[in-house]
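Same order as they appear, the protein sequences are chains A and B.
Residue numbers for the first sequence follow my numbering, beginning at 1 and rising by one.
Residue numbers for the second sequence follow my numbering, beginning at 1 and rising by one.
Think of the hints as simulated: they come from the structure by calculation, not from any bench.
Any given hint could turn out to be false.
Identical copies carry no separate label here, and so any pair may be met within one copy or between two of them.
Said to hold, decoys possible - Dumping the calculated DSSO-like pairs for lysine-lysine here, alpha-carbon to alpha-carbon at most 27 angstroms:
#1 28 with 195
#2 117 with 129
#3 103 with 117
Number of protein chains: 2
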Amino acid sequence: MSDKSNLISQQLPQIHRTSIVAQSRLFKIEEMHLEFSNGATRVYERLAGSGRGAVMIVPMKNAEEFFLVSEYGAGAHKYDLGFPKGLIDPGETPEQAANRELKEEIGFGAKTLVELKTLSIGSSFLSSKMHIFLAFDLYPETLEGDEPEPLIVHTWAWQNADELLQQSEFSEARSVSALYMAQQWLANKQNTQNKE
Amino acid sequence: MSDKSNLISQQLPQIHRTSIVAQSRLFKIEEMHLEFSNGATRVYERLAGSGRGAVMIVPMKNAEEFFLVSEYGAGAHKYDLGFPKGLIDPGETPEQAANRELKEEIGFGAKTLVELKTLSIGSSFLSSKMHIFLAFDLYPETLEGDEPEPLIVHTWAWQNADELLQQSEFSEARSVSALYMAQQWLANKQNTQNKE
Chain A
1 MSDKSNLISQ QLPQIHRTSI VAQSRLFKIE EMHLEFSNGA TRVYERLAGS GRGAVMIVPM
61 KNAEEFFLVS EYGAGAHKYD LGFPKGLIDP GETPEQAANR ELKEEIGFGA KTLVELKTLS
121 IGSSFLSSKM HIFLAFDLYP ETLEGDEPEP LIVHTWAWQN ADELLQQSEF SEARSVSALY
181 MAQQWLANKQ NTQNKE
Chain B
1 MSDKSNLISQ QLPQIHRTSI VAQSRLFKIE EMHLEFSNGA TRVYERLAGS GRGAVMIVPM
61 KNAEEFFLVS EYGAGAHKYD LGFPKGLIDP GETPEQAANR ELKEEIGFGA KTLVELKTLS
121 IGSSFLSSKM HIFLAFDLYP ETLEGDEPEP LIVHTWAWQN ADELLQQSEF SEARSVSALY
181 MAQQWLANKQ NTQNKE
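Just need the whole structure built from these sequences, with the hints factored in.
Structure representation (C-alpha cells):
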C-alpha cells in the first residue's frame with residue numbers, strides 16, 4: 001500500500017473561468033480554464049452533468065442464476081447485454097431508484113439490496129456516478145417505464161459467468177465490474193458460511 | 001446460457017434522420033430520429049465520437065506488483081487512481097498506442113502485451129471503445145506526453161488488490177474491470193503452470 005498519501009496530497013488545479021460553449025436539449029458542454037499547481041495552463045471541456053447519479057442492479061433470480069437485459073444503445077447504434085440501470089429520479093434514494101428500475105426493466109422488486117461500490121466513467125469529461133447493487137429476495141411487481149420497447153430479459157447461471165465475459169455484447173465496463181464484484185461478494189459470503 | 005439467440009435476433013431501430021444540434025471545439029452532439037421495431041418513435045441525442053478508440057494498460061512492475069497513476073479528471077474536478085490510458089493516435093495499432101501511453105505516463109515500454117477485452121461505457125449516448133491490456137517485461141523508456149503535469153506513479157501489490165477496490169479514488173469502471181480481468185488472467189496462468 002505504498003505512497004497512498006501522494007494521491008491525497010495532490011493539489012487540484014485552479015479553475016479560473018468556466019462558460020457553457022454549446023448546448024442541446026439534453027447536454028451542456030462547459031469550457032474550463034485551468035491552471036495546474038506547476039503553473040501549466042489548459043482549456044478543457046466537460047459535459048455538465050445532471051448531478052443526479054445513477055444505479056445499476058445485479059438481480060439474483062435464485063442462488064444459481066441472475067438476470068440480464070438487452071437494451072438498445074444509441075451511442076454505437078447496437079443492442080448490448082448488461083444489468084438493469086437508470087438515473088435516480090429527484091427525491092429518490094439510490095435504493096428506491098434501484099427497486100423502481102428493477103420493476104420497470106425486469107418485472108421484479110427486491111426485498112434485499114446490498115451496495116457493492118460507486119463507479120465513475122470517463123472522468124476526464126464526465127461526472128457520472130453509478131451506485132452498484134446486488135439484489136436478493138425478488139418478488140414479482142411491474143412498473144411502467146419510459147422505454148420505447150420492452151427489454152428482453154435473459155437468465156444466466158453464475159457457473160457460466162466466464163462465458164458471459166467473453167461475449168462482445170457484454171462490454172459495458174460498469175456491467176463487467178458489477179459481475180466481478182457480485183461474484184466476489186457471493187464467494188466471500190460462501191467462505192464465511194463454510195467457516196461457521 | 002439461456003436464450004442468447006434472443007439478443008442477436010433483436011431488430012435494430014431505423015434511423016430516419018440525424019443532425020448535429022450543438023458543437024464545441026471538442027464535442028459534437030447528434031440528434032437521432034428513431035423508429036423501434038414495434039413502431040415506437042423517439043428522438044435521442046448522442047456524442048459523435050472520434051471513432052479512434054482508446055487503450056488502457058495494467059502494467060506489471062514484477063510478479064507481485066503493478067503500477068497505477070493518479071490523474072486529474074475535469075469531469076468531477078478531482079484526482080483519481082487508475083491505470084494508464086489514452087486515445088489511439090491516427091495510424092497506430094492498439095498495441096502501439098498502449099506502448100506509447102506507458103512510456104508517456106509511467107516511463108516504461110512493454111515487451112509483452114496481452115489483450116484482455118474491449119470495454120464500452122455509457123452506450124446510451126457514447127460510442128467509446130477501450131482495449132484493455134496486461135503489460136509484462138517492462139523496460140525503462142520515457143516519451144514526452146501532452147499531460148499538463150507529470151502523473152504520480154504508484155506501486156500496488158496484487159495481494160492488496162481488495163484494498164484498492166475499497167478506495168473511493170479507485171472508481172473508474174474500466175480500471176475496476178481491468179483489475180479483475182488481470183487478476184483472473186494471472187490466476188488462470190498460475191493454475192495452468194501448476195498442472196504442468
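Quick rundown of the hints versus the structure:
no.	hint	in the structure
1	28 with 195	neither (53 angstroms within a copy, 56 angstroms between copies)
2	117 with 129	both (10 angstroms within a copy, 23 angstroms between copies)
3	103 with 117	within (22 angstroms within a copy, 31 angstroms between copies)
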